[in-house]
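Following the hints, complete the assembly by docking chain B onto the known chain A.
Listed below, chain by chain, are the residues.
2 protein chains.
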Amino acid sequence: MASPCPLVEVPDEPVYVPLSISSPPGAHCSEHGATRFDRGDLAGRKDRQIRGNSMDRRGFVTAGMAATLAGITGTGHLAGVLDRASFWRVGKTLPDGTVRLSSNENPLGLSPSARQAVVDAIVDANRYPSAWRRPLVDALAKRLGVKTENLVMGAGSTEVLQMAVQAYQKPGIPMVIAEPTFEDVPRYQRPFSYELKAIPLVESGYGHDLERMRAAAGSGPSVVYICNPNNPTGTITSSSDVDSWIADAPEETLFLVDEAYFEYAGDPSYWTALKWIESKPNVVVVRTFSKIFAMAGMRLGYGIAHPDTAKRLTAFISANNTNVLACAAGTASMADDGLVDRSVDVNANAKQIATSTLDDLGLEYIPTHTNFIMHRINGDLQAYIRAMRDKGIQVGRPFPPMTEWNRVSFGLPEEMGRWADALREMRAVGTI
Amino acid sequence: MASPCPLVEVPDEPVYVPLSISSPPGAHCSEHGATRFDRGDLAGRKDRQIRGNSMDRRGFVTAGMAATLAGITGTGHLAGVLDRASFWRVGKTLPDGTVRLSSNENPLGLSPSARQAVVDAIVDANRYPSAWRRPLVDALAKRLGVKTENLVMGAGSTEVLQMAVQAYQKPGIPMVIAEPTFEDVPRYQRPFSYELKAIPLVESGYGHDLERMRAAAGSGPSVVYICNPNNPTGTITSSSDVDSWIADAPEETLFLVDEAYFEYAGDPSYWTALKWIESKPNVVVVRTFSKIFAMAGMRLGYGIAHPDTAKRLTAFISANNTNVLACAAGTASMADDGLVDRSVDVNANAKQIATSTLDDLGLEYIPTHTNFIMHRINGDLQAYIRAMRDKGIQVGRPFPPMTEWNRVSFGLPEEMGRWADALREMRAVGTI
Numbered sequence: 149m150a151s152p153c154p155l156v157e158v159p160d161e162p163v164y165v166p167l168s169i170s171s172p173p174g175a176h177c178s179e180h181g182a183t184r185f186d187r188g189d190l191a192g193r194k195d196r197q198i199r200g201n202s203m204d205r206r207g208f209v210t211a212g213m214a215a216t217l218a219g220i221t222g223t224g225h226l227a228g229v230l231d232r233a234s235f236w237r238v239g240k241t242l243p244d245g246t247v248r249l250s251s252n253e254n255p256l257g258l259s260p261s262a263r264q265a266v267v268d269a270i271v272d273a274n275r276y277p278s279a280w281r282r283p284l285v286d287a288l289a290k291r292l293g294v295k296t297e298n299l300v301m302g303a304g305s306t307e308v309l310q311m312a313v314q315a316y317q318k319p320g321i322p323m324v325i326a327e328p329t330f331e332d333v334p335r336y337q338r339p340f341s342y343e344l345k346a347i348p349l350v351e352s353g354y355g356h357d358l359e360r361m362r363a364a365a366g367s368g369p370s371v372v373y374i375c376n377p378n379n380p381t382g383t384i385t386s387s388s389d390v391d392s393w394i395a396d397a398p399e400e401t402l403f404l405v406d407e408a409y410f411e412y413a414g415d416p417s418y419w420t421a422l423k424w425i426e427s428k429p430n431v432v433v434v435r436t437f438s439k440i441f442a443m444a445g446m447r448l449g450y451g452i453a454h455p456d457t458a459k460r461l462t463a464f465i466s467a468n469n470t471n472v473l474a475c476a477a478g479t480a481s482m483a484d485d486g487l488v489d490r491s492v493d494v495n496a497n498a499k500q501i502a503t504s505t506l507d508d509l510g511l512e513y514i515p516t517h518t519n520f521i522m523h524r525i526n527g528d529l530q531a532y533i534r535a536m537r538d539k540g541i542q543v544g545r546p547f548p549p550m551t552e553w554n555r556v557s558f559g560l561p562e563e564m565g566r567w568a569d570a571l572r573e574m575r576a577v578g579t580i
Numbered sequence: 149m150a151s152p153c154p155l156v157e158v159p160d161e162p163v164y165v166p167l168s169i170s171s172p173p174g175a176h177c178s179e180h181g182a183t184r185f186d187r188g189d190l191a192g193r194k195d196r197q198i199r200g201n202s203m204d205r206r207g208f209v210t211a212g213m214a215a216t217l218a219g220i221t222g223t224g225h226l227a228g229v230l231d232r233a234s235f236w237r238v239g240k241t242l243p244d245g246t247v248r249l250s251s252n253e254n255p256l257g258l259s260p261s262a263r264q265a266v267v268d269a270i271v272d273a274n275r276y277p278s279a280w281r282r283p284l285v286d287a288l289a290k291r292l293g294v295k296t297e298n299l300v301m302g303a304g305s306t307e308v309l310q311m312a313v314q315a316y317q318k319p320g321i322p323m324v325i326a327e328p329t330f331e332d333v334p335r336y337q338r339p340f341s342y343e344l345k346a347i348p349l350v351e352s353g354y355g356h357d358l359e360r361m362r363a364a365a366g367s368g369p370s371v372v373y374i375c376n377p378n379n380p381t382g383t384i385t386s387s388s389d390v391d392s393w394i395a396d397a398p399e400e401t402l403f404l405v406d407e408a409y410f411e412y413a414g415d416p417s418y419w420t421a422l423k424w425i426e427s428k429p430n431v432v433v434v435r436t437f438s439k440i441f442a443m444a445g446m447r448l449g450y451g452i453a454h455p456d457t458a459k460r461l462t463a464f465i466s467a468n469n470t471n472v473l474a475c476a477a478g479t480a481s482m483a484d485d486g487l488v489d490r491s492v493d494v495n496a497n498a499k500q501i502a503t504s505t506l507d508d509l510g511l512e513y514i515p516t517h518t519n520f521i522m523h524r525i526n527g528d529l530q531a532y533i534r535a536m537r538d539k540g541i542q543v544g545r546p547f548p549p550m551t552e553w554n555r556v557s558f559g560l561p562e563e564m565g566r567w568a569d570a571l572r573e574m575r576a577v578g579t580i
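Protein chains in written order, with the working numbering: chain A, 149 to 580; chain B, 149 to 580.
Extracted from the complex, chain A is given alone in its bound form (with noise of 0.2 Å):
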């Protein structure tokens, strides 16, 4: 090995970290196993996702972020904000050191340009934010095809999940969803106590068991939640088989189908649902800002349906829902056409060095098609969420049934090898 902590010392390339994250209290560099990002035999591979070479796709990345950094400065737009290092900050390790595992967010931050963006809508800030959004919605609906009057925003793609809930649920309309999924969509028709029918992961490859849930719906009207790829356990249901049922499906039948992962997910039997929604309005199709463009914190999410079908979401829809600076960041974040592919790839890398580091464990796990992956502990759930914790490091939550199994979040390669040496102190004492 060249160096002992390559994403510090590598020289002559420019990098993306240093700028301002803290090494973990207590973590050197020499702790981190560089073994684990040169492995060239990628042994334990379970799955597609990962194309080329990991350190390929670092390298990568990290010119990649670097160029557009320094492109920035060179403006000398910004000069002021950028010599506080931290307003650059890529990562998301907390102030006090512990690494966030535990929320799919993405590690990159917010891109260059759209904290700009940010930076210059503050002076709108004190406005509602329909000017800010009307363009965003424009670069939305042309970046997917589709018309205006198809997309409903939300705080969050969570709000549309919502309003999907309040709009076509009713006491005797049943909601049927997997188990585990995503758990907003139960949660949103708690409150009006309607009838919920969950459906276990089919067992062989953690999907959706739609044959199962197609009895469950039945003839009548229902809501059919498919998350796709699915939270938490990172799987895919083949996209064939869902446009099998929405082709066959009565019109009472809605579907809410959540592509939140959508563009992680490189798998040749998985597409979006998006065709069906000029000619099927019993179908939407819910995606995020928040994951592939890193913006959780800001709430920007969007669902896409037939016109008729947006009209009736969009009657349970909060008023000015979106934040100005969210429409400023989410309209730049789509203007950065290297922004998707940075994020794929360090989620690549991150994946990489999870499997790989699970397979030397000899710990089962889900093989992912997102951010973020499913993997067995071998003990009980909340000991392991605390061990963690008590390491410097959150990790995902109880997702029951599946309480022996961990959902850890992919953060950047030094957050995942504090992750990795965790899991290997943690067998060294027995404990997974």
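In case anyone wonders, no lab produced these hints; they're calculated from the structure.
All C-beta atoms, glycine included, are put in the ideal place defined by N, C-alpha and C.
Treat the hints with care, as some may be off.
Stated by the list, open to error - Footprint (simulated), chain A over chain B, 3 or more residues, beta carbon under 8 Å:
id, stretch
1, 248 to 256
2, 271 to 277
3, 335 to 343
4, 361 to 372
5, 440 to 448
6, 458 to 469
Stated by the list, open to error - In silico PhoX-like cross-links for lysine-lysine, where the CA-CA straight-line distance does not exceed 25 Å:
id, chain 1, residue 1, chain 2, residue 2
7, A, K318, B, K318
8, A, K459, B, K318
9, A, K295, A, K539
10, A, K428, A, K318
11, B, K428, B, K318
12, B, K459, A, K318
What follows is chain B alone, placed relative to chain A:
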């Protein structure tokens, strides 16, 4: 008059406008009738809101803002940003020169400390907001003298109104509102097809007709919305009368008291309904950061209620609703001791210009306790709105049934000057 355009020419005094507010197209300083700023007699003042001479007030405001800006500049902390004057621009003149006096926004823009807080928080905008919500909620509870479990945060106070409708209204549980009042509340109950009882404001004074509202609410379950001060009339309803009703009302009457404009109202007959929240779980007080804190585009508001009630409302919250940057700005705004006074003072100044102008023109208006005023237009409202738009001024939308009135929001003095000029021009050609 020493100067025809005191706001940009007063020497030896720091001012808050000139950073980058561009002159409106076709507007010249000499067109701004300085007599409106210089009135010493305060003739036509119809309420007790304006304290002291408006020139003194304005001097205080400008000096305060400039001092704050100077203080920040002095640290060198954001020097680079300050080089770009638009970042610190005050006021709501749009890039095309249009003056927005349409949405009850605070013309001062985000406070300097809030702007700095936003810049500092950008680095965390890829994270979900919980870490930023904690200090916000702690500071807010302290400010209000309540416990954190009394608070429900919303993406604007409007989201809290939506929660209240959903948590308390049902088929058979009517909503009782004034007419006209803030439209979001009836809008939120409409898609559920719940019953609405709209009670006209009292003809004398345009306050809520509490007696008729009480009769409409009856003794069974109901939701009573009291917007106090009321939007769009700017009027207050006697807090003593509100208290009497709350004291006597059955527990099944849910009082939703909207105090969005609370900080602007200084009348002795007006006070908050906050004291009820401990003893009365059927009282919800709603407030916002949109108005006095100039954060309309940030989407941050809150409800204050008994902990049981707060919990019931929260069941209908949209997950992670408040933006990271909004939380940062809100926390910083509360810590800015001069902010409320600056907002109140610039508003009083605008009110003085508005009422003087309306008095001069003999146009009836409703004494206001807010940051806007409703006045007669002596003609067709849509034509009036279009004519104002043609002169580069956005005024308020129609508020039926008061279609012979227009609501105009208060802006900076020179913006009010443009509005006054436009009114005089319309009078000259006989359209008002």
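Are the Cα atoms of K459 (chain B) and K318 (chain A) separated by 25 Å or less? Distance ~23 Å between K459 (chain B) and K318 (chain A) Cα, so the pair holds.
Distance restraint between K428 (chain A) and K318 (chain A), which requires alpha-carbon spacing of 25 Å or less: Holds. K428 (chain A) to K318 (chain A) sits at ~21 Å (cutoff 25 Å).
Check of the stretch 458 to 469 of chain B against chain A for coverage (Cβ-Cβ below 8 Å, three residues minimum): Since 6 is at least three, the answer is holds.
When I compare C-beta atoms, does the stretch 248 to 256 of chain B have three or more residues closer than 8 Å to chain A? The restraint on the stretch 248 to 256 of chain B holds, since 6 of its residues have a Cβ under 8 Å from chain A and three suffice.
Agreement of K428 (chain B) and K318 (chain B) with the hint, judged by alpha carbon distance not exceeding 25 Å: holds (21 Å)
Per the coverage rule (Cβ-Cβ under 8 Å, at least three residues), is the stretch 271 to 277 of chain B covered by chain A? Holds: 7 residues of the stretch 271 to 277 of chain B have a Cβ under 8 Å from chain A.
Does the alpha-carbon distance linking K459 (chain A) and K318 (chain B) stay inside the 25 Å limit? Holds: K459 (chain A) and K318 (chain B) sit about 23 Å apart, inside 25 Å.
Do at least three Cβ atoms from the stretch 361 to 372 of chain B come closer than 8 Å to Cβ atoms of chain A? violated (count 0)
Checking C-beta pairs, does the stretch 440 to 448 of chain B have three or more residues closer than 8 Å to chain A? Holds, because 6 residues of the stretch 440 to 448 of chain B bring their Cβ atoms closer than 8 Å to Cβ atoms of chain A.
CA of K295 (chain A) to CA of K539 (chain A), is that 25 Å or under? violated (49 Å)
Are the Cα atoms of K318 (chain A) and K318 (chain B) separated by 25 Å or less? holds (13 Å)
Chain A covers the stretch 335 to 343 of chain B, three or more CB atoms within 8 Å, holds or violated: Since 3 is at least three, the answer is holds.
Hint check: violations occur at hints 4 and 9; the rest are consistent with the structure.
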